[in-house]
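Please model the complete structure; the sequences and the hints are all you need to start from.
Each chain, letter by letter, is given below.
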Amino acid sequence: MRRLAQLGLALVLIPALFPLYWMVASSLKGPQELQRIPPTWFPSSPSLAAFGEVFETVKFGQAFLNSLLLAGVATLSVLVTSVLAGYVFAKYTFRGREVLFWGVVATMFLPPVVTLVPLYWLVSSMGLADTYLGVLLPWLANAFGIFLMRQFIADVPDELLEAARLDGASELRILWSVVTPLLRPAVVSLAIFSFVFYWNNFIWPLSILQDDAKFPVVLALSQLLSYSTSVHYQNVVMAGALIASLPTIVVFLLAQRVFVASLSRTGVKG
Amino acid sequence: MSVAGRGRGAAAVAFLSPAMLVIGLFTVVPIGLTFWISLHDWSMYTALGDMAWRGLDNYAGLLADSSFYNALANTAIYVALVVVVTVPLSIALGMLLYFPRVAGKGLVRAALFSTYVIPTVAISIVWGGLYAPEYGPLSQLFGAWHPTWLSAPDTALVSLVIFHLWQMTGYYTVLVIAGLTQIPGDLYEAARIDGAGLWRQTLHVTLPLLRRTTIFIGLVAIINAIQVFDPVYILTQGGPAESTTVLSFAIQRAAFQHGLAGQASAMAFSLLLLLVALGGAFLAVVRRRSA
Chain W
1 MRRLAQLGLA LVLIPALFPL YWMVASSLKG PQELQRIPPT WFPSSPSLAA
51 FGEVFETVKF GQAFLNSLLL AGVATLSVLV TSVLAGYVFA KYTFRGREVL
101 FWGVVATMFL PPVVTLVPLY WLVSSMGLAD TYLGVLLPWL ANAFGIFLMR
151 QFIADVPDEL LEAARLDGAS ELRILWSVVT PLLRPAVVSL AIFSFVFYWN
201 NFIWPLSILQ DDAKFPVVLA LSQLLSYSTS VHYQNVVMAG ALIASLPTIV
251 VFLLAQRVFV ASLSRTGVKG
Chain R
1 MSVAGRGRGA AAVAFLSPAM LVIGLFTVVP IGLTFWISLH DWSMYTALGD
51 MAWRGLDNYA GLLADSSFYN ALANTAIYVA LVVVVTVPLS IALGMLLYFP
101 RVAGKGLVRA ALFSTYVIPT VAISIVWGGL YAPEYGPLSQ LFGAWHPTWL
151 SAPDTALVSL VIFHLWQMTG YYTVLVIAGL TQIPGDLYEA ARIDGAGLWR
201 QTLHVTLPLL RRTTIFIGLV AIINAIQVFD PVYILTQGGP AESTTVLSFA
251 IQRAAFQHGL AGQASAMAFS LLLLLVALGG AFLAVVRRRS A
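Residue numbers (this note's numbering), protein chains in the order written: chain W, 1 to 270; chain R, 1 to 291.
To be clear, the hints were calculated from the coordinates, so they are not data collected in a lab. It is possible that some hints are incorrect.
Which chain R residues face chain W? A few, computed with CB under 8 angstroms, are given here [said to hold, decoys possible]:
#  : residue
1  : V22
2  : I23
3  : M44
4  : V102
5  : V108
6  : I123
7  : L130
8  : E134
9  : P137
10 : W166
11 : D230
12 : I251
13 : Q252
Here are the computed distance ranges between Cβ atoms for each label pair [to be verified]:
#  : chain 1 : residue 1 : chain 2 : residue 2 : range
14 : W       : S47       : R       : L21       : 47 to 53 angstroms
15 : W       : G127      : R       : G143      : 54 to 60 angstroms
16 : W       : R36       : R       : L273      : 49 to 55 angstroms
Small disclaimer: the values here were computed from a predicted structure and weren't measured. Quick reminder that beta carbons are idealized off the backbone N, C-alpha and C, glycines included.
Structure representation (structure tokens):
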């Protein structure tokens, strides 16, 4: 039985990892080798030339920085807005709290494409089409973050808050020095989740951006693909895909445990 | 605890407003605007005041349009295939990764889950390479069946489903494992004492106690599958012969490539109504079952 299970695991591992292997292997092949039929399973003379070509074909370096900026700012903002709102939903009682909270949670299940057109209209009528700020505005808060933070802040004992209040601490002070330090794993996982989510987000920047100097890396990658459809450019496209994936893989490997543990509590991929 | 004292009411408002403002303005208001725009003709690139009133004509247009039914059918097939395979597959993998004491479980779990964090755009491109006719390894491996993958209308949608399963199954498996950890071990102990083997333990202990997780996974899988856009955009642009045009792609294309924002919004609002109806039916079934 145990042997069988071990075999099962090995059989799962191969299809799970093969596409990732193929991405690396193809990025190392030369133009001639890519045109071989049948394809070669291992690069015959591995070369890193394609990685340089990525940056010559499209503004990939700029796009990488853009993604860092966009995903970074969105993540910081989501952390702040989620902790603030999550605290109110977890620890304050007021009329309409449940309705408001579940209304917010319901928006997690809304496919982004439903509101894409009016979102474009809203942002462009603010004069923010084709700007970083225009991309960022709808990303500054999200329902998932609020939900996650409320779940974790609800576990913080009320006695701690009361004690701080008796000492005359302001609500912001309590949130910052009593609640937040207890939330570290939740905050870390929300930060990772948000960063990966916004780094990968494609449909919104695709719809609101025109100027390729402002493209995030996934848009630059799509542009790279459209310039390099022929099979002998496949090393370049795969190298681009690999570079675009690296930050998310690194972040995932660094914090895999926290990430997996807290995603088990809820989540939707957009 | 209640909002007592002067300070806390103000704090509640101040703490809630940033998030509520963003979600209200950029998620809730646009839902209403989607309906408003769907009642008009609008090209996206003129002022909103230039919209021409069409009443419900856009909806009538959709009902008479075979390409709308095509997108609807493609979405339904895609979602149905994803859910039908995802739920049993992720339960089976979750059990495989949770129960047996074997080496390498952590590694397999990390590998399965890693596919979920990689940008869909990047990994779609990789699958484009895998599926490539002749040059692609999958065409090579399954050469005996002459698979056409993304290049023929009969197989393109299924090929996108296979990609989706590869990308997302690890995520659902992690959810299953989380559900399995909630099942008390002594239940299995008791079942073993009663002489239940692996099969009967699964049937009478694991699956019934995993019901909530199973429902949740089914729901999330539906929501995720309905939103599929990136791989369609990157790999097929809805083709060949519109065989992979799903609703979210049809909506984005109508608005941003064809300048038909009114029609796109009518499709978007129909999708929303469909989701609300599905969600209502779902809640009704779950309530009745637990009552």
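Status of each hint after checking the structure:
Taken as an interface hint, R:V22 checks out: its beta carbon lies about 4 angstroms from the nearest beta carbon of chain W, inside 8 angstroms. The beta carbon of R:I23 comes within 6 angstroms of a beta carbon in chain W, closer than 8 angstroms, and the hint placing it at the interface holds. At its closest, the beta carbon of R:M44 sits 7 angstroms from a beta carbon of chain W; the interface hint therefore holds under the 8 angstroms criterion. About 5 angstroms separates the beta-carbon of R:V102 from the nearest beta-carbon of chain W, less than 8 angstroms, and the hint is met.
Given the 8 angstroms rule on beta carbons, the hint for R:V108 holds: about 5 angstroms separates it from the nearest Cβ of chain W. Interface hint at R:I123: satisfied, since its Cβ lies 7 angstroms from the closest Cβ of chain W, which is below the 8 angstroms cut-off. A hinted interface residue such as R:L130 counts as satisfied when its beta carbon comes closer than 8 angstroms to some beta carbon of chain W; here the least separation is about 6 angstroms, so the hint holds. The criterion of a C-beta within 8 angstroms of any C-beta in chain W is met by R:E134, whose closest approach is roughly 5 angstroms, and the hint holds.
The restraint placing R:P137 at the interface with chain W holds, with a minimum CB-CB distance near 6 angstroms, inside the 8 angstroms limit. For R:W166, the interface hint holds, since its Cβ comes within 8 angstroms of a Cβ in chain W; the closest pair sits about 7 angstroms apart. The interface hint given for R:D230 holds, since its Cβ lies 5 angstroms from the closest Cβ of chain W, which is under the 8 angstroms cut-off. Look at R:I251: its Cβ gets to within about 5 angstroms of chain W, closer than 8 angstroms, so that hint holds up.
Because the smallest distance between the Cβ of R:Q252 and any Cβ of chain W comes to about 6 angstroms, under 8 angstroms, the interface hint for this residue holds. Between W:S47 and R:L21 the beta carbons are some 51 angstroms apart, a value that agrees with the proposed interval 47 to 53 angstroms. One distance hint, 54 to 60 angstroms for the beta-carbon pair W:G127 and R:G143, holds here, with the actual separation near 55 angstroms. At about 51 angstroms, the CB distance of W:R36 to R:L273 agrees with the hint of 49 to 55 angstroms.
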